[in-house]
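Heads up: the protein sequence lines correspond to chains A and B, in order. Numbering follows the UniProt record's numbering, in which position 256 of the first sequence is assigned residue number 256; successive positions increment by one, without gaps. Numbering follows the UniProt record's numbering, in which position 255 of the second sequence is assigned residue number 255; successive positions increment by one, without gaps.
Since the hints were derived computationally from the structure, they do not count as laboratory data. Ideal placement from N, C-alpha and C gives every residue a C-beta, glycine not left out. Check the hints yourself; a few may be wrong.
Stated by the list, open to error - Partner residues aside, some chain A positions facing chain B, computed with beta carbon under 8 Å: (1) A141; (2) G143; (3) G145; (4) P146; (5) F147; (6) E178; (7) V192; (8) G194; (9) L202; (10) S205.
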Amino acid sequence: MTMETTARPVAPPALPPRDWSRTAFNLLVWGGLVAGLTWAWAPAEMFRVVNLFTDAGNMAEYASGFLDPNFRDLDYYFDEIILTVQIAIWGTLLAVIAAVPFGILSANNMAPWWIYQPVRRLMDAFRAINELVFAVLFVVAVGLGPFAGVMALFVHTTGVLAKLFSEAVEAIDPRPVEGIRATGATKLQEVVFGVIPQVLPLWISFSLYRFESNVRSATVLGLVGAGGIGQVLFESIRGFYYAETAAILIVVVVTVTVVDLISQQLRKLVI
Amino acid sequence: MAAVSVQGLSKTFGKKQALCDISLDVAPGEMVALIGASGSGKSTLIRHIAGLERGTGAPCCIDVFGKRLQEAGKLTREAREIRREVGVIFQQFNLVNRLPVLTNVLIGHLGRIPAWRGTLGFFSREEKQAAMASLARVSIDETARQRSSTLSGGQQQRAAIARALVQGARLLLADEPIASLDPASAKRVMETLAEINRQDGITVVVSLHQVEYARRYCPRTVALRDGVIAYDGPSTALTPAFLRELYGEASEELILPEDEPAVAPAPPPRSRSVPEPAFATA
Numbered sequence: 001m002t003m004e005t006t007a008r009p010v011a012p013p014a015l016p017p018r019d020w021s022r023t024a025f026n027l028l029v030w031g032g033l034v035a036g037l038t039w040a041w042a043p044a045e046m047f048r049v050v051n052l053f054t055d056a057g058n059m060a061e062y063a064s065g066f067l068d069p070n071f072r073d074l075d076y077y078f079d080e081i082i083l084t085v086q087i088a089i090w091g092t093l094l095a096v097i098a099a100v101p102f103g104i105l106s107a108n109n110m111a112p113w114w115i116y117q118p119v120r121r122l123m124d125a126f127r128a129i130n131e132l133v134f135a136v137l138f139v140v141a142v143g144l145g146p147f148a149g150v151m152a153l154f155v156h157t158t159g160v161l162a163k164l165f166s167e168a169v170e171a172i173d174p175r176p177v178e179g180i181r182a183t184g185a186t187k188l189q190e191v192v193f194g195v196i197p198q199v200l201p202l203w204i205s206f207s208l209y210r211f212e213s214n215v216r217s218a219t220v221l222g223l224v225g226a227g228g229i230g231q232v233l234f235e236s237i238r239g240f241y242y243a244e245t246a247a248i249l250i251v252v253v254v255t256v257t258v259v260d261l262i263s264q265q266l267r268k269l270v271i
Numbered sequence: 001m002a003a004v005s006v007q008g009l010s011k012t013f014g015k016k017q018a019l020c021d022i023s024l025d026v027a028p029g030e031m032v033a034l035i036g037a038s039g040s041g042k043s044t045l046i047r048h049i050a051g052l053e054r055g056t057g058a059p060c061c062i063d064v065f066g067k068r069l070q071e072a073g074k075l076t077r078e079a080r081e082i083r084r085e086v087g088v089i090f091q092q093f094n095l096v097n098r099l100p101v102l103t104n105v106l107i108g109h110l111g112r113i114p115a116w117r118g119t120l121g122f123f124s125r126e127e128k129q130a131a132m133a134s135l136a137r138v139s140i141d142e143t144a145r146q147r148s149s150t151l152s153g154g155q156q157q158r159a160a161i162a163r164a165l166v167q168g169a170r171l172l173l174a175d176e177p178i179a180s181l182d183p184a185s186a187k188r189v190m191e192t193l194a195e196i197n198r199q200d201g202i203t204v205v206v207s208l209h210q211v212e213y214a215r216r217y218c219p220r221t222v223a224l225r226d227g228v229i230a231y232d233g234p235s236t237a238l239t240p241a242f243l244r245e246l247y248g249e250a251s252e253e254l255i256l257p258e259d260e261p262a263v264a265p266a267p268p269p270r271s272r273s274v275p276e277p278a279f280a281t282a
């Protein structure tokens, strides 16, 4: 019997019939994507992409200005970039502290809708407004200087982290929390012992990632007078000091890379 | 005063009727098994007595040690106070995986110590010693510093029992405590529960999937079928023939094949030299 079945190849089962609704859906998705790109082409002046090649000479000339970076004021750049990192440290720390309660209150498994909806909308507002815009506002409110930069990063990052934190909270396993509730613990104790231990690794990872991003963001805050290397950078670009600009950009790239490497190592430690 | 008194409890999930007009009294010091096929409502009943679910409809109420826990679909103000008296053990253990076993057990104190101290995690020396003592009682004290996720299923369930012991609960509700465990661990957990019941006089209500464990460890069994109490009486009466009469085809999932004929109802064994019935190795 077995010999017979192995010897004679059995016809494979028929292919499932083509799913036309699936095909139509795919066409719709691709069509929509193409339509969207076409719609945005002209307003974004994408037709000028040829200029990259026709004006290549200008580009080369401009770029050649950067080839000879001038590190004469390196000490000064160094002080400013350290200040930039210091702004990012405080901006991120304050945001992490604020994002813990906001994140929990905007999770739909922790709060009723009449709490999490308003809190989420407030966080949307924090997030929607760019750091640079907040920096302008805070320069008006608290005066020129790094503190305005700290406050700008603080508000914007609170909005971002609260969203990320609340998504982590919504994905927790509810059973340990129930186990704690069954001991007669308070609601706050359920959060402290049941929720936080579950989300902590993710929260730390998100916070470190935002710290990296904030170092990058802080390098431009100086443009509006909110302290840090941005101010120096903007002045040298405005004055066509290509050599100095190149030196500053190199300092920024090196710093951001170093911060990235350090925070990656830290993230590995907690996960 | 009954340890648990359920009157006229009904529960619907959407359109499905999970519990229908359940009335049940459990006296202090009893060890009662709740049996039934999957979906018969035993977990739902336990979760109601623990105050984790609220009944549907007006007439139902649940009292625990003479205090009203829930009435007409609402938890009373005393619910949190009552939860302190009630330890709950779950099928999936419900420990916090990333916390050390000791901290998981210390959580049992939360209902009894000042809220600020519990919230900040300041536990006194005596409280830590009590936690270690209860871990020793379920013989897993050597794992106190480990994360609970590193424990085996049986050890995790015993840690959960230690948490209920620390809580000083007078009533222990166990919702399918052995359903995710291998036979040896299952036996160990059931023995621990029976010992707690016998030595401390803690009332135990345990839902079980297999009737053998009920017959062996619990003098009284309540059998549920489709959300209704189908039988309430001595576990000895639950012969395979009677179960077949009660559940028809569904009775097969309640009986392990090697168990016929029924084992004589034995009190929980006091020593390991007592020969084990065949089901323990099934």
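Exercise. With a cut-off of 8 Å, does the beta carbon of F147/A approach a beta carbon of chain B closely enough for the hint to hold?
Worked result: 31 Å, violated
Problem set entry | Restraint check, 8 Å cut-off on beta carbons, for S205/A near chain B | 14 Å, violated
For this session: With chain B as the partner, please determine if V192/A meets the hint condition of a C-beta pair closer than 8 Å.
Result: Nearest chain B Cβ about 6 Å off; hint holds.
For this session: Closer than 8 Å between Cβ atoms is the bar; does E178/A clear it against chain B? Give me holds or violated.
Result: Because about 6 Å separates E178/A from the closest Cβ in chain B, which is inside the 8 Å limit, the hint holds.
Exercise. Does the nearest C-beta of chain B fall within a distance shorter than 8 Å of the C-beta of G194/A?
Worked result: G194/A check passes; min Cβ-Cβ to chain B is 6 Å, inside 8 Å.
Exercise. Does L202/A pass the interface check with chain B, least Cβ-Cβ distance below 8 Å?
Worked result: 11 Å, violated
For this session: Please verify that hint: P146/A, Cβ, nearest Cβ of chain B, below 8 Å or not.
Result: 34 Å, violated
For this session: May I ask you to test the interface hint for A141/A with respect to chain B, counting a Cβ-Cβ separation under 8 Å as satisfied?
Result: Cβ of A141/A sits 35 Å from chain B, so the hint is violated.
Problem set entry | Hint status (Cβ of G143/A to nearest Cβ of chain B, threshold 8 Å) | Status violated, d = 38 Å.
Problem set entry | Supplied contact hint for G145/A, tested at 8 Å Cβ to chain B | Since the shortest Cβ distance to chain B is 37 Å, the answer is violated.
In summary, the structure is inconsistent with hints 1, 2, 3, 4, 5, 9, 10 from the numbered list given earlier, while agreeing with the others.
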